[in-house]
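Starting from the known structure of chain A, fit chain B onto it as the hints suggest.
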Amino acid sequence: MPGSEARHYSEEELLMHLLQEESPEVGENIAGHVRECGECHAVLREYELVVARILRWGLDDFPAEAWDADRVRLLEQYRHDRSWLERRGLLQTLIRGLEAAWSYALENPLPTLGYIVVAIAFASERTITFLRLDRVVPATSEVIEIIRQFF
Amino acid sequence: MTSPLSDEDLVEGTLGGDEDAFSQLYERYRQPVYATAYRIIQSAEDARDATQEIFVKLYRSLRSWNPRKASFSTWTYRLASNHAIDCWRARKRRHENLDAEDTGEKAEREYAFGDAIRSPYREVAGREQIDAVRRCVDLLPALQKKVFILRYFQEMKLDEIAEMENCSLGTVKTSLFRATHAVRRALRKARN
Chain A
-11 MPGSEARHYS EEELLMHLLQ EESPEVGENI AGHVRECGEC HAVLREYELV VARILRWGLD
49 DFPAEAWDAD RVRLLEQYRH DRSWLERRGL LQTLIRGLEA AWSYALENPL PTLGYIVVAI
109 AFASERTITF LRLDRVVPAT SEVIEIIRQF F
Chain B
68 MTSPLSDEDL VEGTLGGDED AFSQLYERYR QPVYATAYRI IQSAEDARDA TQEIFVKLYR
128 SLRSWNPRKA SFSTWTYRLA SNHAIDCWRA RKRRHENLDA EDTGEKAERE YAFGDAIRSP
188 YREVAGREQI DAVRRCVDLL PALQKKVFIL RYFQEMKLDE IAEMENCSLG TVKTSLFRAT
248 HAVRRALRKA RN
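From first to last, the protein sequence lines are chains A and B. Our numbering puts the first residue of the first sequence at -11, with every later residue one more than the last. Our numbering puts the first residue of the second sequence at 68, with every later residue one more than the last.
Because the hints were derived from the structure by calculation, they are not lab data. Computed from a prediction, not measured in an experiment: that's the story for all the values here. We put the beta carbon where it would ideally sit given N, CA and C, even for glycine. You may find that some hints are simply not true.
To give an idea of the interface, some chain B residues facing chain A are shown, with a C-beta separation under 8 Å as derived from the structure [as the list claims (entries may be wrong)]:
1) A111
2) R127
3) F139
4) C154
5) V200
6) L225
7) R251
8) L254
9) R258
Not everything, but these chain B residues come out facing chain A in the computed CB check (under 7 Å) [what the hints assert, rightly or not]:
10) G84
11) F89
12) Y93
13) A102
14) Y105
15) L129
16) W132
17) Y219
18) T247
Just chain A, with the same shape it has in the complex (with noise of 0.2 Å):
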């Protein structure tokens, strides 16, 4: 920067430099101008004046009840999201695990057709256990009993 009488500052610079958002060095440079330069001076004081007046800029707030009641009401509507939150992140956990499973079948094709062969072998031993089916459909040994006469 200039010396103190080569230029005048900016009213931009001069008002960074009263709410002190330049760098320290420029900061010295503008004060040494300021003190010399009668028409800085006069700019830098009535920004300040201003910013006074800016801050003077009350609130209107509301009686500590309101916002006692607002709380309870926030409160609540975080419970209520955080319930649904845990359900979707349930089922999200559910998608990524048939993500990666379709993954993995894509990668591995042979043994996931024995686990799924597997699955459905106990699935179905299962079933005819539950729903005593044993009784219509002919046992595992008796399947193989007649598959060996028909050879």
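Structure of chain B alone, referenced to chain A:
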């Protein structure tokens, strides 16, 4: 005496379903969030509603907060100021429609409401100047309004605001200067 929990601890608790942690976050940030919303929207009732909505948004998007990118307060002010700007736009649109129908009744309502709540600033001398500041800020473009309010009333540094708004420090400085300059003009006009 135990030291107060950090924002990070409270965020972690809130994410884990700890109501008390969320309640503490609310207590800690309710006032600055309301103050930001109030000065942007310039209606106490609407700012109160906006504060409630901001806190709902806050816990719903809490997982997106990255402590390495911004402090929790910066992240919260960003959320608050963006939401308040949306509310201010909606309010403006609403009022443009209403103005055509009825101006007198609206002014009466606002006045009655103003008396019903605590208004410490009303007693301070220079109310006209404060009204001039308010009217001027209401007319500022969104970015200037945000920078103005966050810098003067939340005492955020301009580089923080620049990071928050994802724009250059120069842009933020210019925005703040233009906003302050506009207020300066408005104050001069009010004085004359």
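Please name the hints from earlier in the document that this structure breaks, with their numbers sorted from lowest to highest.
3, 4, 9, 15 and 16
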